[in-house]
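Chains B and C: place on chain A using the hints.
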Amino acid sequence: MKKSTQISLKTTSHTALTLITRQVAEAVTELEIVNGLIHIFVLHTTCGLTINENADPDVVHDLLCRLDNLAPWHGSEDRHMEGNSAAHLKSSLLGSSVTVPVKSGQLVLGTWQGIFFGEFDGPRKRSVYLTAIRS
Amino acid sequence: MKKSTQISLKTTSHTALTLITRQVAEAVTELEIVNGLIHIFVLHTTCGLTINENADPDVVHDLLCRLDNLAPWHGSEDRHMEGNSAAHLKSSLLGSSVTVPVKSGQLVLGTWQGIFFGEFDGPRKRSVYLTAIRS
Amino acid sequence: MKKSTQISLKTTSHTALTLITRQVAEAVTELEIVNGLIHIFVLHTTCGLTINENADPDVVHDLLCRLDNLAPWHGSEDRHMEGNSAAHLKSSLLGSSVTVPVKSGQLVLGTWQGIFFGEFDGPRKRSVYLTAIRS
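Protein chains in written order, with this note's numbering: chain A, 1 to 135; chain B, 1 to 135; chain C, 1 to 135.
What the hints contain is simulated information worked out from the structure, not anything from laboratory work.
The reader is advised that the hints may include incorrect statements.
Just so you know, same-sequence chains aren't split out, so a pair can sit in one copy or run between any two.
To be verified - Below are the BS3-like pairs computed for lysine-lysine, each with C-alpha atoms no more than 27 Å apart in a straight line:
id	residue 1	residue 2
1	K125	K103
2	K103	K2
3	K2	K125
4	K3	K125
5	K103	K3
6	K10	K125
7	K10	K103
So that you can see chain A by itself, here it is in the shape it has in the complex (with noise of 0.2 Å):
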């Protein structure tokens, strides 16, 4: 049975919340997970991952000007000359991974929960890499 698989996105904008959570229930088909976990973990330090709401497209909006407002995209005390520090302290408050139960084949999320990638110094090509934990 596999036991790790990838995503790879495009994103298409500098910052943007991205739905994943239909890719990750094809990844939990894919590594036939049955119960127990599965682990999402992005391959990269400009980005990161969150589950939030999934019905209003404003949530995602409101989210993205508050990170920007956490993270002003110039720091009076950068250094880093790539200037892309901004991205950096997103991706290290949303973090790297998510973890998501999956049960009788099915990702178990509640209602309004979807799984999203963010983008914060995009585009770009991005890999997500998926491990299957079976209980």
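Structure of chains B and C alone, referenced to chain A:
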């Protein structure tokens, strides 16, 4: 052997960090986890989970005040009609899950660590989903 | 087969992000994880873990400055007598654990990713608890 279980919570205020260490320890017993991890996951998008100090209640006070400063209830750019984008932001900052080691049937926690449920738009009924991972 | 192990750290400054990738890789070998995950967990409430860029040390500088801005040492509403609520906040923002995939006995990390221990109220002796999860 049971693979997952749930905890139901009824929060009593708008914003709170509620200690759930005891309920999680009971779930470890119910799921008969000897060595491994317990994965704790909220099924909602305006609450979160965190591990922090369980000795001085003033730490919880300070954390809640400081989170309010990072995520003020009224955001000047907010569009979400429900008006609770601050709660969605706190949910993403803390995260939807925590995972705690288990050794010989007991949670592995440092002296001062407690597991907290973060309510950010209560009072509400909340569900927490727990999954056993055996090493 | 061993199921868990510990790393001891002696931090040398008040605030720091210390690379622990090598120690975690050694734990993967010690725990004989071939495929799966390694779960890394701090046993304290004024430090945390994060994955971020391990190439330019200025990224660490910028992250620490920006975290200080989000969690200033003196909070106007703080009540906690120890005066280290900023450290508790950073602990909750970064989180108490990270989980990293393992494939063929090696950590799966992107080119620029390193695993960092975040000290926010040092210098102190710190313990990190590592758990093997086999796929």
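Results for each hint:
In this homomeric assembly, K125 and K103 come within 27 Å of each other (Cα to Cα) only across copies, at 22 Å, whereas the closest approach inside a single copy is 31 Å. Taking CA atoms no more than 27 Å apart as the test, K103 paired with K2 passes in both settings, with 18 Å inside one copy and 12 Å between copies. When the C-alpha separation of K2 and K125 is checked against a cutoff of 27 Å, the pair qualifies only within one copy, where the shortest distance is 24 Å, while the shortest distance between copies is 38 Å. Taking identical chains as interchangeable, the C-alpha atoms of K3 and K125 lie at most 27 Å apart only when both belong to the same chain, with a minimum of 23 Å there against 36 Å between chains.
Taking the shortest Cα distances, K103 and K3 sit within 27 Å of each other both inside one copy (17 Å) and across copies (9 Å). For the homomeric pair K10 and K125, the shortest alpha-carbon distance inside one copy (4 Å) is at most 27 Å, but the shortest distance between copies (38 Å) is not. Taking the closest pair of Cα atoms, K10 and K103 come within 27 Å of each other only across two copies (25 Å); inside a single copy the shortest separation is 30 Å, beyond that limit.
No hint from the list above goes unmet by this structure.
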